[in-house]
Every structure is written in structure tokens, then in C-alpha cells.
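Starting from the structure of chain A, add chain B where the hints point.
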Amino acid sequence: MAGHSVVGKSIIRLDALDKVTGKAKYCEDLKLPGMLYGKVLRSPYPHAHITSIDTSRAENISGVRAVITGRDVPEKRYGPSVFDQHTLARRVVRYVGDPVAAVAADSVEVAERALGLLKVEYEKLPAIFDIEEAWEKNPPVIVHRDLPKYELGKFPPPRLVPDRPNVCYLRTLRHGDVERGFKEADLIVENTFSTTRLQHCPFEPHVSIAQAESDGSLTIWAGRQSIFLARQYLCKIFNLLPSQVRVIASHYVGGAFGCKVTLYTEPIAAMLSMKTGRPVKLTFTREEMFSSGGTRIPFVIRIRDGVKKNGTLVARDMEMLLGMGAYAGSGPLITRNCIYATVATYRIPDAKIDAYAVYTNEPPVTSFRGFGSTQVLWAVESQMDVIAEELDMDAVELRRRNLLEEGDTNITGEIVHSIGVRECLDKVADSLEWGRRSKKEVGPWKRGKGLALGNKYSMAPTGALAIVKVRGDGIIEVHESADEIGQGCNTVLAQIAAEEFGVSVDEVKMVWGDTAFTPYFSRGSTSQRTTFNVGNAIRLACQDAKRQIFEIAAERLHEPPQDMDIKDGTIYVRSNPSQGMSITELFTSERTLLPGEFGDFVEKSAEILGKGVWVTRPAPSDPETAQIPENVARMGGRLAGFFGYGVQGVEVLVNTETGEVTIEKVVAASDVGYPLNPKMCEQQIEGGVAMGIGSALWEEVALDQGKVLNPNFGNYKMVTSMNMPKTDNVKVFLISAPHKEGPYGAKGTGETQMTPTAPAVANAIYNAVGVRIKDLPITRERVFRALREKAGE
Amino acid sequence: MPGEKGIYMKQRLELKVNGQTYEVLVDPWQSLADVLREELGYTGVKVSCNSGNCGSCTVLLDGKAVKSCIMLAPLAKGKEILTIEGLATESNLHPLQEAFIEHFAVQCGYCTPGMILMAKALLDENPNATEDEIREGLVGNLCRCTGYVKIVEAIMAAKEKMKVTSSR
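For the protein sequence lines, the chains are A and B, in the order given.
Position one of the first sequence corresponds to residue 1 (the numbering used here), numbered consecutively onward.
Position one of the second sequence corresponds to residue 1 (the numbering used here), numbered consecutively onward.
Bound conformation, chain A alone (with noise of 0.2 Å):
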């Protein structure tokens, strides 16, 4: 886009110099006066009940400073949609690691040693691992037998199904007459594909510090993702106020992909920091991150589609179980929104999805990258290639016939804007030189491509506020509160401020992380909203600010506030740009005060504050049908902030002896609206490329009986360095389709690039060797049984 000086250009990182030096600050790196450490008991049943728990030999060792268990939580239950979760286990364990007892000491060690002496007694009881089981009517075992007596949250409203007692929330959409387009279709294909649990594996596991102070109040230093929605539930959890509650993350945050939103460590730490007084530290092992950190929901799902020959999808029907595990976290809200990938891409006429998030007795899940995007997609898209195949018509085809385009109707009844996927689709068809059959095939290994189309809304409603201080000496001074978890959100924030102010972004200071100082962002970095939500904040509070300062230079130049402009740092009149002032002259009497000295400097312009609020509002829908009422529609209603767009072609070696893949090429497109700084655009179509492969092909927290199997790094396999193809071989493009609200056309990204990704790897297998695999991961063994049995036919 012309015009612009700082967006869109790829600034250097403002953290880079302080990662590359090892002086960036992670809360893991924090020590306070008198800090003790805490640590947790944890149920190695995944169902039984407490019969007693006697703390009385780990009280006594020195150095331990409290012990508490689920007597001392507070009784009332808490969660964002179904209150079904105590800070610790009161008389009922539900999964393998549900914490049970805490302690507080002066080291880790000693810590580590009491929780050895903690004596618990439990009864077993019978346990529920499988979804499909869990899910039925008369289910063997009931995950939470009061769940009609539960208090409900609102995200979202929790809709409960009376005769499947596990099942939590139950979301529906029904959009024309799915049978009816059924019967038009010329073929219906169904099918069942299922994913798995993964793990977010952030660097920096869950860590926070916790200071109960003198007057009752909190506060908490946290490595973790949106520090109000934090406060609100920890206000929830011990009843306290909004401003007796403060949750500090200025500091960096060491990755964080969703699991980072859930509340884990702070309401163990708060407890143990009342009970002592001191500040508590509490920090997940890599162990506990994988039984009790929170992992992406497991999803069964079954699909059934209707098209005519001619490729014309006219019918789908989706039926969709998510994996609680014990309890429901962002679950539901996840349940609720996950269909929204099915509504992004395509034209269908008929649409009938059921999804439905079931308890078991596994650990609970949380958000993850896609929040239910991913997995939904993974069904739709490897769909899309067997159509395709089922037709006998080219995949690209099939896609191209179907798409959405700009001013369409999507399946909730909303007016499609915003949409770049048809030209991501033709770069990377046009890169991966789709149709040309890749050759170099060496004795077992066979060669395949494949693609596949991602899409990720942003969620709504949400909103941010912004303070943009303009300082004496010049700075740009921009008070927010985005988290910093890697993603890179100051520079880019910093960019729109020094854009708005015609500055370098060396002028320009971001505040950030703190609930007492930096205003309010509701649900945090998450649902990639930040650089919409807060860039827009600040382009806000930038334009107010800009209108304080134009009104002080016009009296000061004699010249009307409307005619003035700013560039480089200073004020100018439009209509004679040689007559301006800097910014630093707004201050003078500042500048030429002595210490001490008070002038009228006060009453002149001692601080220029602008303020900027931002809201995206989604229209409302019907809770039974999700659809958007026609003439809300028509007037711009919208179902979330954005949707981002993705498409990745990847080419795959197989080798048809042993049933390894391995990566040969990437392809990424993505639409992102506008590129703020294009180096961070593929900052995060790399990673989540890379996070993409590591969940097809091996990513998968195993569970036997509900205990994690692979608790650390070395048997949970992510992606390295010999997974990810030559650096010349990844190719990515950005594509612009401005969104009209986006700051300067820009969309989130974020989240989008996980979504094709692992869907892609399995049509690029099937391409090479015919085997078509419905489960995730798509690991060796899978593969290679495949091809047996296909070769047994």
C-alpha cells in the first residue's frame, strides 16, 4: 500500500536485542524478597474419591511453609462456561494429575520432599477414557454426576443435553434443508476422521508468582496470556473486586500457542502466598505441563457430503464429539466456534452441523492454536481430496468450483468479506506446480503432492482500550495490554503508533502487561485479535492525542487545529508547511524549567493523553441454528472480528517399505488482510507450518488409562531442524485482502497458519501412495499398515 513509511515495512524486532543477549526478562526469571516455591500433589487415579488426606509429616519437615489441600479452597466451583473445576480437588479426583495438596517452601527441593510425606487415602472409582462411549445415553461411567446443579458461565452459555448426561454443551447449525440437498446430490461421500490430544510445549512452562498483600489484595506476576481475563477469574475464585486484583506480565512471555489463557499456576500460588504471607512461586515441571497444562481437544468426526458431478457441493452433514477430558476449560467456547471453519471457505446450500463437547476421565483440555479450527479443518479438506478423487476431477478444481468469494452468503447467513483464499489457492498451486507429476523417486520412496485450504475467524465480541502518551522530550509513549508470548505484538503496535505519528519507531515507547497501569484487553492475545483489535485501539488514541496536540500548536501559530498535520516529529499547517512546530516545542516551558521550578507548564500541556477504544461486535445469531438474521446480515452483521486465510501445498517423499514421510517442500499462502511487517507474516506461517507438520505426521500426548505416557520432550515428538525441508524449499506468500476495519487493511495471522497444514501432508500421501489416513497423527505405523492392507486387497 502506498503512502505508508513505517507499516508495512519489516522493522526489526524491538525484543530481538534483548533475546539475542540474554537480557530479556521471563517471569520464570523473576525473584522476590522472601520468595518461597511451591509445589503440587497430584491424583495418579483418573477417578476416585478423597477418603482422607493427612498433610501432618510433610508440616513438619523444615523449610516447608504451608500446606493446603481442598479443604481450604474456596467451595464454590469456577470455569469460563460450566463452574465445574476447585482450585484443588475437594472430594472427587477426574483425571491423572487433578491436583489434590500444594506446599510452599524455602527451595524446590525441600518442597519436592514434603509432597512425598503427604498421605492420601483414595477409593477408586470407575473411569470413561473413550469420547464415542462417553457420548452415548446411557454412558458406564458419569464424569460429573452434579452437572445439572452446576453454576453456569457465560463463554458461552452452557446448553446441556439431559439424556447424555457427559455431555456439557451441545452447539447446532442448520442452514436450508440438508436432506433435501441430499437428494439432489449426484454423490454423497461420508466419512470419519478423528485427531489427537497435542500439547502446546511453550518453552517457558506455566509460572507465576503470587503475593497476598496486607489489605486483602493480589498480586500476581505471570507468564501467561491475558492478564484481565486472569483477573476476572481469580476475582471469581476468591471473591475479591477488580482493583484488589493485579496480574503483572511486562515481562516476556516464552511462547505460549493458547495454553497460556487457562489459569493454572495462580490460583495454587495466591492460595499458598495467603496462608504465608510471602510470595509464592509456582512453576510447572515439563511433566506436569503435559498431565495437567492443558492439551488440544481431541475431536471424532463425521462428515457426510452431497455434490452434483459437476463438483458442486450441495449438501454437508457434520456431527462432531470433543474430548473434555474432566473438565471443560475454554472447551465449550471451543465446541461453540469450531464450526465456523466449515462456514468460511465454501458455498453450500444445505448445511447441518451437530457438535457436541463430552467429558471423560482424561486431562482437561484447553485452547490451542485453531481453537477447533484445525481439527474440523483436518476432516474437511482431506473430504475435499477424496470427493475429488470420487469424482474423478482435479482437487484444486473441486476447491476453485466452490469457493466463497466477496459479497456471498456463507452457511450462517453472513455477507462474505475479506476473503483471499482464491488467490492464496492459485499461488501455491502455481508454486507447487500442481498437475506436473514430481519425479526423482529412488527404490522405495514414492513422491506425492498435496494441498489443502485453512481458515481461522478472530473471535467477537472483544475489544481494547489504548492510552497513547505524548512525552515532553518527544516519545510516543503507547499503554496497552497484548501479550507479549512471541508473536512480536509491541513492534507491530509500535509500527501503527509511529505510522499514525509520522515517527520512526525509535520514538516511539510501548508500556505494556500490567492490570493496575495498562488498559483493559478483553480475553488477551489470543484468537490471533491483537493487531486488529489493539492496532485499532491505538490508531484511536493516536488520532485523539494528534487532535490535543493540533489544538495547542494551532493557538500557538495562530492557525486552525483542522488545518494542521504532523510528519517526522513535527506539527505543520497543511496549507503552509514551512510554519510548524516539533513536538518537543508543545513542552518548552517544560524544557526551560529549573528543578523545582513549577511555571504554567501544568495548566499548558503537561501530559497530551489521547485514549482510544476499540470494539468488534459480532450480530447476534440464533442459539439453535447459529444462523444471522438476513436484514442484520445485509446491515454488516458479522459473525466475528475477521477471518484469516491460508492455503499449503506440501510435496511428501513415502517410503513404501517402512511407512516414514518426510517433508520435501512447503507452499504457504496466506491472506493477512495487509502486511504490517511482512518478516513477522512469515514468522508465523514458518512456525505454524512447522507446528502444522509435527501434528500430522508425530504430535500426540499418549495416554494409557488417562496417565500421559510421554510427559516430556524426548518422547513427544515435535519438529526439528532435519523435519522442516531446505530453507529453499519453504515458500511463502502474503496475499492483501484488506479488511475494511482492519488498521490499514490488516487481519490476525497468527492462527490461520496452523490450520492447512496437517490435512495438506495427507493428500500429498495419498497422492504418492494411495493410502488415505483419517487419524492423527498420520505416524509410520499407520502408514505402513495402511499400505498393507491396501496391498492384501
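Please keep in mind that the hints were generated in silico from the structure rather than gathered at the bench.
Beta carbons are placed, not taken as given, at the ideal position from N, Cα and C, and that holds for glycine.
Accuracy of the hints is not assured; some may be wrong.
What the hints assert, rightly or not - Cβ-Cβ distance ranges computed for the label pairs, FRET-style:
hint: 1; chain 1: B; residue 1: G41; chain 2: A; residue 2: G116; range: 25 to 35 Å
hint: 2; chain 1: A; residue 1: G116; chain 2: B; residue 2: L25; range: 19 to 29 Å
hint: 3; chain 1: B; residue 1: G41; chain 2: A; residue 2: K509; range: 25 to 35 Å
What the hints assert, rightly or not - Computed list of lysine-lysine pairs in DSBU-like fashion (alpha-carbon distance at most 35 Å, straight line):
hint: 4; chain 1: B; residue 1: K77; chain 2: A; residue 2: K23
hint: 5; chain 1: A; residue 1: K25; chain 2: B; residue 2: K77
hint: 6; chain 1: A; residue 1: K124; chain 2: A; residue 2: K707
hint: 7; chain 1: B; residue 1: K79; chain 2: B; residue 2: K64
hint: 8; chain 1: B; residue 1: K77; chain 2: B; residue 2: K64
hint: 9; chain 1: A; residue 1: K25; chain 2: B; residue 2: K10
hint: 10; chain 1: B; residue 1: K79; chain 2: A; residue 2: K731
hint: 11; chain 1: B; residue 1: K161; chain 2: A; residue 2: K9
hint: 12; chain 1: A; residue 1: K731; chain 2: B; residue 2: K163
hint: 13; chain 1: B; residue 1: K79; chain 2: A; residue 2: K31
hint: 14; chain 1: B; residue 1: K64; chain 2: A; residue 2: K25
hint: 15; chain 1: A; residue 1: K23; chain 2: B; residue 2: K161
hint: 16; chain 1: A; residue 1: K509; chain 2: B; residue 2: K161
Claimed, not checked - Counterexamples of contact, computed for chain B against chain A with all Cβ distances above 12 Å:
hint: 17; residue: L13
hint: 18; residue: G63
hint: 19; residue: M71
hint: 20; residue: E98
hint: 21; residue: Q107
hint: 22; residue: I155
Leaving out everything else, chain B in the frame of chain A:
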């Protein structure tokens, strides 16, 4: 058992870190990473997996890369320890640090110190390392954010700069 009185005594240990000599009292079971971070304040040493699998805690011992989370501190006695804090000179960043910044090889930053030190050990030993050799050399240093592409590009770029610097 750790922490039990009378079973062991803390050891006095002399460590040389980034050219500075320290005398510390350590528990015999303390890892080098733990001592560097918790006793000496070198928090640029990151501990992520705490099991020797991810390489975030990589430091150089007499120029060789080690995973300090699974090395007992006393084993570093008498060796020159280099952490990320000691890599830049007062006036200049190391070419690897510069390249990681310029090539956008940094995201959350938790793997970065270990990644840079691993790359230094690699290039010091093999100044002409090919892309394949670099990717192979990094296999024990995991990164969850970047997908490695920009990290490998940064190391390739730094390699050229380091050759120029060392030939001067």
C-alpha cells in the same frame, strides 16, 4: 536425599563464567544450569525441558556445547564457561547475534540463547558448514515458534561474516 540434614555437605566450587571467576556453594546434585541461573544470576541460560532434550540451556564449556540442565555443576570446574551474556563484547554484538536480529530468527526467545551458542560451537568447529550440516548440528536444539527456517538462514549469513572477521 536432597535437603536431608547431615547426609551431605554443600561443596565449595570455583566456576569461571564469561571470564569472571566465582566461588559458589553448591549442592552436589545441582545442575550447572541451576547454579548459573539461581546462584549466579545468568538467567540467559534457559531451562525448558530439564531433561537434555531441547537444548535451551546450552552453554559452551571450553568452546564445546553442553546441555547444562543435565550436567552436574562440579563437572564444570576448571573449564571456561560461556553463556549468552558473555558472547557480545562491550561494543559489538557477535555476528550470530546480529544475524539472528536481522534475519528475524527470534520469536519468543526462550530457545534463542541456546540456539546461538550451539551455532557458535558448530561454526567454530566447521567454519564452512553447509546448510545440511547446520540443520544436522541443530537437531538437539528445539524451537517451538519459528520452524527453524529463519534460524538456519541467520546462521548461514553469520557464517560468512564470521569468516571475514576471523581472516582479518
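Please settle this one: G63 (chain B) was flagged as non-interface, so is its CB more than 12 Å from every CB on chain A? Answer for G63 (chain B): holds, closest chain A Cβ roughly 18 Å.
Proposed proximity, K64 (chain B) with K79 (chain B) (alpha carbon, max 35 Å): 10 Å, holds
Do the alpha carbons of K25 (chain A) and K10 (chain B) lie within 35 Å of each other, as the hint requires? 29 Å, holds
Holds or violated: K77 (chain B) and K23 (chain A), Cα atoms, limit 35 Å. 25 Å, holds
Can the suggested window of 19 to 29 Å be confirmed for the beta-carbon pair G116 (chain A) and L25 (chain B)? 25 Å, holds
Is 25 to 35 Å a correct range for the gap between the Cβ atoms of G41 (chain B) and G116 (chain A)? 30 Å, holds
Verify this label for me: E98 (chain B) is non-interface relative to chain A, using a Cβ-Cβ cutoff of 12 Å. 8 Å, violated
Beyond 12 Å on every Cβ pair: is that true for I155 (chain B) relative to chain A? 10 Å, violated
Given hint K161 (chain B) paired with K23 (chain A) - CA-CA distance at most 35 Å: 24 Å, holds
Hey, K509 (chain A) versus K161 (chain B), does the alpha-carbon distance stay inside 35 Å? Holds, at roughly 32 Å.
Regarding the pair K731 (chain A) and K163 (chain B), is the alpha-carbon distance no greater than 35 Å? This hinted pair holds, its Cα atoms lying about 28 Å apart.
Starting from the hint 25 to 35 Å, judge whether the C-beta atoms of G41 (chain B) and K509 (chain A) obey it. 26 Å, holds
In this structure, the hints that do not hold are numbers 10, 20, 21, 22, in rising order.
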